[in-house]
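Given the coordinates of chain Z, assemble chain B onto it according to the supplied hints.
Residue numbers (this note's numbering), protein chains in the order written: chain Z, 1 to 235; chain B, 1 to 109.
Bear in mind the hints are in silico, worked out from the structure with no lab data behind them. Note that the Cβ used here is the ideal one computed from N, Cα and C, for glycine as well.
Per label pair, the in silico range of CB-to-CB distance: (1) V131/Z with G67/B: 50 to 60 Å; (2) L29/B with V71/Z: 25 to 35 Å; (3) Y102/B with D67/Z: 17 to 27 Å; (4) G66/B with A11/Z: 45 to 55 Å; (5) L202/Z with P71/B: 16 to 26 Å; (6) G66/B with P100/Z: 51 to 61 Å; (7) A133/Z with A63/B: 42 to 52 Å.
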Amino acid sequence: MPASTRKSPFAAGFLQGLPFVAVIVPFGMLFGVVGTEAGMDLAQVMAMTVLVIAGASQFTAVQLMTDNAPVLLVLAASLTVNLRMAMYSASLAPYLGAAPVWKRALVAYMLVDQCYAASILRYESRPGEPVAARVAFYFGVASPVVPLWYLSTWFGAVLGTAIPEGLALDFAVPITFLALLGPALRTLPHVVAALVSAVMTLAFAWMPTGLGLMVAAVLAMGAGAATELWQDRQR
Amino acid sequence: MSVPDPVIWLVIVVLGLGTFALRFCFLGLLADRPLPAGARRLLRYTAVGVFPGLVAPAVLSPAATGGAFDPARAIAALVALALGIVTRQVLPAILGGGGALYLMLWLLG
Numbered sequence: 001m002p003a004s005t006r007k008s009p010f011a012a013g014f015l016q017g018l019p020f021v022a023v024i025v026p027f028g029m030l031f032g033v034v035g036t037e038a039g040m041d042l043a044q045v046m047a048m049t050v051l052v053i054a055g056a057s058q059f060t061a062v063q064l065m066t067d068n069a070p071v072l073l074v075l076a077a078s079l080t081v082n083l084r085m086a087m088y089s090a091s092l093a094p095y096l097g098a099a100p101v102w103k104r105a106l107v108a109y110m111l112v113d114q115c116y117a118a119s120i121l122r123y124e125s126r127p128g129e130p131v132a133a134r135v136a137f138y139f140g141v142a143s144p145v146v147p148l149w150y151l152s153t154w155f156g157a158v159l160g161t162a163i164p165e166g167l168a169l170d171f172a173v174p175i176t177f178l179a180l181l182g183p184a185l186r187t188l189p190h191v192v193a194a195l196v197s198a199v200m201t202l203a204f205a206w207m208p209t210g211l212g213l214m215v216a217a218v219l220a221m222g223a224g225a226a227t228e229l230w231q232d233r234q235r
Numbered sequence: 001m002s003v004p005d006p007v008i009w010l011v012i013v014v015l016g017l018g019t020f021a022l023r024f025c026f027l028g029l030l031a032d033r034p035l036p037a038g039a040r041r042l043l044r045y046t047a048v049g050v051f052p053g054l055v056a057p058a059v060l061s062p063a064a065t066g067g068a069f070d071p072a073r074a075i076a077a078l079v080a081l082a083l084g085i086v087t088r089q090v091l092p093a094i095l096g097g098g099g100a101l102y103l104m105l106w107l108l109g
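Here chain Z stands alone, though its shape is the one from the complex (with noise of 0.2 Å):
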């Protein structure tokens, strides 16, 4: 019998969600430090990570309100930074329907990428695993990132205030999303709708801030929608 299939669920997912420290550590590093530099106190920056878990939206929202947006726009555009936290939901939902509703409470405060995409692979792999096998796997997948995350968080907005202006870690936050971009452009409709986004939002840069970047990835998820089907049609 080969270990991985004696180990619990729970050390299975643990194991799985080991690696991703590597990238939940400096992400959150760099949230602690871009909250502090962006004027939050700890309590703000500690508040938002431990009640949203979402860097992406996290560094969304701190950048529009240094660019003094307007609220609604602020959340209006980290919220749909997170659109694909529902999708992620939506695609969960026929594995872990069946658990208790508590714990598909806790499943959904913790639905980070790296925890989808180690327990999606994981269900897809295994149809008749009973779901309280999956429930544990998935807060195996949890347990080394959501705590990390936090403790991250903390260290980058303590030491963050003595780190100098010549690191331009203005620039950490671009290359950040740029790097997850990357690894998403898996296809044809991918770039096309990353194109578009790009183009659109600059080709709105006379609407108020937030507004034309929701615009413009509105039109860009339709234009990747509009390719995918078009792809289909020519096969």
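Chain B only, in chain Z's frame:
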């Protein structure tokens, strides 16, 4: 930032609740009924529809240079994107993009 404290707290709490609602909606309510194909098709392009728009202005006219195009930052952005595409991993792209930024800032002064 010049945003008043209560507004920052409002953003934190509403963003937290809204994000939880997005994560819980289908897990909590849909249970095992699937989403319509059209909705899934649109949602597939959420990340690629948002991230480029978010960074394009910061890459082409960075606030740190008063909005003037900065070759060092543009090259670093290209390196981060290219490494992400080639390696299919986030971490090498972040490290490579950061390395390129410092190298270019040092070379181009």
